[in-house]
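There are 2 protein chains.
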Amino acid sequence: MTAHVALTARAFGASHFVLADVRDEKVEATVAKVQKNWGGKLRFEMGKPWKRVVKDWKANGGVVVHLTAYGENIHSSDVLERIKATNRDVLVIVGSQKVPSEFFSETVSDFNVAVGNQPHSECSSLAVFLDRFFRGRELTMDFEGAKMHIVPQKHGKKVVKA
Amino acid sequence: MTAHVALTARAFGASHFVLADVRDEKVEATVAKVQKNWGGKLRFEMGKPWKRVVKDWKANGGVVVHLTAYGENIHSSDVLERIKATNRDVLVIVGSQKVPSEFFSETVSDFNVAVGNQPHSECSSLAVFLDRFFRGRELTMDFEGAKMHIVPQKHGKKVVKA
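Protein sequence lines, in the order shown, are assigned to chains A and B.
Just so you know, we're using my numbering here: the first sequence kicks off at 5 and counts up by one.
Just so you know, we're using my numbering here: the second sequence kicks off at 5 and counts up by one.
Since the hints were derived computationally from the structure, they do not count as laboratory data.
Keep in mind that the hints are not guaranteed to be accurate.
Unchecked claim - Pairs of lysine-lysine residues, derived as DSSO-like cross-links and limited to a Cα-Cα distance of at most 27 Å, are as follows:
hint, chain 1, residue 1, chain 2, residue 2
1, A, Lys161, B, Lys59
2, B, Lys40, B, Lys161
3, B, Lys158, A, Lys55
4, B, Lys161, A, Lys88
5, A, Lys45, B, Lys102
6, A, Lys161, B, Lys55
7, A, Lys161, B, Lys102
8, B, Lys62, A, Lys161
9, A, Lys55, A, Lys88
10, A, Lys55, B, Lys162
11, B, Lys151, A, Lys59
12, B, Lys88, A, Lys162
13, A, Lys102, B, Lys37
14, B, Lys151, B, Lys40
15, A, Lys102, B, Lys40
16, B, Lys158, A, Lys62
17, A, Lys102, B, Lys88
18, B, Lys55, A, Lys158
19, B, Lys102, A, Lys40
20, A, Lys162, B, Lys55
21, B, Lys102, A, Lys30
Please take these sequences and the hints and turn them into a complete structure.
Have a look at this one:
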C-alpha cells in the first residue's frame with residue numbers, strides 16, 4: 005500500500021515524499037526502480053518523525069493539508085480554493101485508519117480535506133486531491149531522465165526508448 | 005489493496021463490484037461492514053471468471069473500459085467523451101501489474117484509458133476515472149441505509165446518527 009501511495013505522489017505531480025516514523029527499504033527500492041526507468045525526481049525520505057516533518061514544513065512557511073473523510077468536502081466546499089489562495093507550498097498528509105488525533109487539530113493541519121465523506125483509500129484521496137489541485141495537468145507531465153516512454157494506444161502496448 | 009479498490013468503487017459511485025477469478029471473504033466482510041455503518045448498495049460479487057464477467061457485460065449491451073498506463077490519456081485525449089457518447093453502461097476493469105494481454109485487445113476492452121501514462125496504483129486510477137466520469141458529483145452522494153453520517157468539519161471529527 006505504501007508503495008502505491010508513493011507512486012501516486014510521483015505520478016500526480018508531487019516533488020517530495022516522506023514516509024514518516026518508519027523505514028521501508030522495499031518501498032524505497034520500488035520508487036527508485038520506477039524513477040530509473042520512467043524518470044522523475046520525486047525526493048524520497050523515510051524514518052523522520054511526523055511531528056518533525058510538520059514542524060519543519062511550517063517553519064519554512066508551508067501549509068499542511070490532511071486528507072480525511074471527516075474534513076471539508078473537496079467538491080461541495082471552497083476548501084481547495086482557500087488552500088490555493090494561501091499561495092504557499094503544500095504538505096499533504098495521509099495515514100491509514102489509525103492516525104493520531106492531533107492530525108485533526110489546528111496545531112497540525114491547516115486544512116482537513118475530505119475527498120468525499122466516505123471511507124475509502126489514502127491512495128484514492130491523494131490521487132483525486134492532486135488531480136484537482138493541479139487541474140489534471142500533472143497527467144501529461146514529462147518526467148526528466150526517463151529511459152523509456154509509453155506511447156498511448158487505443159489497443160495494445162507501445163513503449164519507446166527515450 | 006483489493007479492499008481499497010472495492011471501497012473506492014463504492015465511495016466514487018459504482019453500483020457493482022466484481023472480484024474476478026478468486027474469492028476473498030475478508031474483502032467481502034470489509035465492504036459489508038462499511039455498508040452496514042455508512043450505507044450504500046454496492047453489489048459485491050466474487051469468484052466469477054473474468055472472461056465470463058466481460059462476456060456477460062457485453063451481451064447485455066455494456067462497454068468495457070480497461071484502466072492502464074498504456075491506454076489513451078484521460079486528460080489529453082477525448083477518450084472520456086467517447087466513452088460517455090456510447091451512452092451505455094460501463095464496466096471498468098483494473099488489475100495488478102500482471103494482467104492478461106487480452107485486456108488490451110479489442111475483443112475485451114472497448115477502451116483502454118490511462119490516468120496518466122505513468123505507473124502508479126489501480127486505486128488511484130479508479131478514483132480519478134470515476135471522479136472525472138461523474139464530474140465530482142459522486143463525492144456528495146447520499147448513501148441509503150446509513151447508520152451514521154459524517155458532518156464535515158474544518159477541524160476535529162463529527163459523526164451523527166442517521
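Status of the hints after comparison with the structure:
no., hint, in the structure
1, A/Lys161 to B/Lys59, "holds (23 Å)"
2, B/Lys40 to B/Lys161, "holds (20 Å)"
3, B/Lys158 to A/Lys55, "holds (20 Å)"
4, B/Lys161 to A/Lys88, "holds (24 Å)"
5, A/Lys45 to B/Lys102, "holds (26 Å)"
6, A/Lys161 to B/Lys55, "holds (20 Å)"
7, A/Lys161 to B/Lys102, "holds (13 Å)"
8, B/Lys62 to A/Lys161, "holds (23 Å)"
9, A/Lys55 to A/Lys88, "holds (24 Å)"
10, A/Lys55 to B/Lys162, "holds (24 Å)"
11, B/Lys151 to A/Lys59, "violated (38 Å)"
12, B/Lys88 to A/Lys162, "holds (25 Å)"
13, A/Lys102 to B/Lys37, "holds (17 Å)"
14, B/Lys151 to B/Lys40, "holds (7 Å)"
15, A/Lys102 to B/Lys40, "holds (20 Å)"
16, B/Lys158 to A/Lys62, "holds (18 Å)"
17, A/Lys102 to B/Lys88, "violated (38 Å)"
18, B/Lys55 to A/Lys158, "holds (20 Å)"
19, B/Lys102 to A/Lys40, "holds (20 Å)"
20, A/Lys162 to B/Lys55, "holds (24 Å)"
21, B/Lys102 to A/Lys30, "holds (19 Å)"
Checked against the numbered hints given earlier, this structure breaks hints 11, 17; the rest are met.
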